[in-house]
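S.K.: Residues per chain, in single letters:
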Amino acid sequence: MTEPGSVSLLQLSCCEASRLASESLDRELTRRERWALRIHTCMCSACRRFLSQVSLLRKTLTKTPESWREHWQARSVKLSTQRRETIKRLLFDASRNDAQS
Amino acid sequence: MNSEAVRKHSRSFLGWQEIFGPSFRLIWGEGLALTRWLNRSMSVQPTPKFEQLRDPAKWVDRYGDALLRYAAARVPSHELAEDLVQDTFLAAFRYRAKFDGQCAFGTWLVSILRNKIADHYRKSGRTLEISEEVIVDALKPFDAKGKWSKSPASWRGTPDQLAENAEFWGVLHDCLGGLPVHLAQAFQMREIGSASIDEVSKLTGVTPKNLAVRLHRARLLLRSCLERKWFCKESGGAS
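Chains as they are written, first to last, in our numbering: chain E, 13 to 113; chain C, 1316 to 1554.
Any given hint might turn out to be false.
With a Cα cut of at most 25 angstroms, we get these calculated SDA-like pairs of lysine to any residue [stated by the list, open to error]:
id, chain 1, residue 1, chain 2, residue 2
1, C, 1544, E, 27
2, E, 71, C, 1544
3, C, 1544, E, 68
Bear in mind the hints are in silico, worked out from the structure with no lab data behind them. Bear in mind that the values here come from a model prediction, so they are computed numbers and not experimental data.
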């Protein structure tokens, strides 16, 4: 009776259950997915713990100190100073070689 | 050749854009602090004409970070992303005569970078998707039957207790740094920047479905790292 792409109500693996647990933080699960996850976590303490761990992380991260927030945001998108200088030097060398030939 | 005059002129023009560019973006993203942050970290500066970028060193300052963000979202390590950006700039210099001004200079650079990324995966003989799998599989959170290979432990502490502990943030920082860049980026935007799935998806150019896969992997890896370095360690090495 399962439509393609939908989850099995009773035979959910821990791998699938953890995926649903993760997705439950990002979107509203379908009713079927919600029940599948609920039934699985009733029986599986490992997945119950995973679910509480990821929601603990979510709650903790809403309290991220401002200093760390800035640090992470700046770090994740920048070319390192060292690499920047390396590239500039290589480009400079290349243009000098060009001028000579 | 009066290149000095050209350079002087270009410098004053760049200055104008640099003064007004950010404030335009701020107005555009007014309201939510989040939107403002996302704009600041993801947007590309307005594109000047190629003639104004005669000096290749300026390319690096203007386009370096944007190219790095593009690459970092598509290859597993920061180091590799920087290598690819470097190759891109050198190739752009070598073939600069081929740039015909049909598209923006930044777009042209991205197209070179895209080829470099494709070359990288062709050389290493795997697709982007497979390489993502390989990274997570190396840690094998689940066995062949889909059961946990190491069951998650129970964690102690409330969000408030954790947030007040400066050491915890240091450990979290280490763990985030150990994630593949594309996973860390997705996780940071979603959990620390509190961006919605749609926003993250638009900014990174990843489909919502693929993003769910990334977030799932990021959470699995981060969870096991925190458990190893914090939650099980804290209880006096009881494990």
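S.K.: For the pair supplied as a hint, residue 71/E and residue 1544/C, confirm whether the alpha-carbon distance does not exceed 25 angstroms.
M.R.: Satisfied, since the Cα-Cα distance of roughly 20 angstroms is no more than 25 angstroms.
S.K.: Please verify whether residue 1544/C and residue 68/E have alpha carbons no more than 25 angstroms apart.
M.R.: 16 angstroms, holds
S.K.: For the pair we were handed, residue 1544/C and residue 27/E, check the Cα-Cα distance against 25 angstroms.
M.R.: OK: residue 1544/C and residue 27/E at ~23 angstroms, within 25 angstroms.
In the structure shown, no violation is registered for any of the earlier numbered hints.
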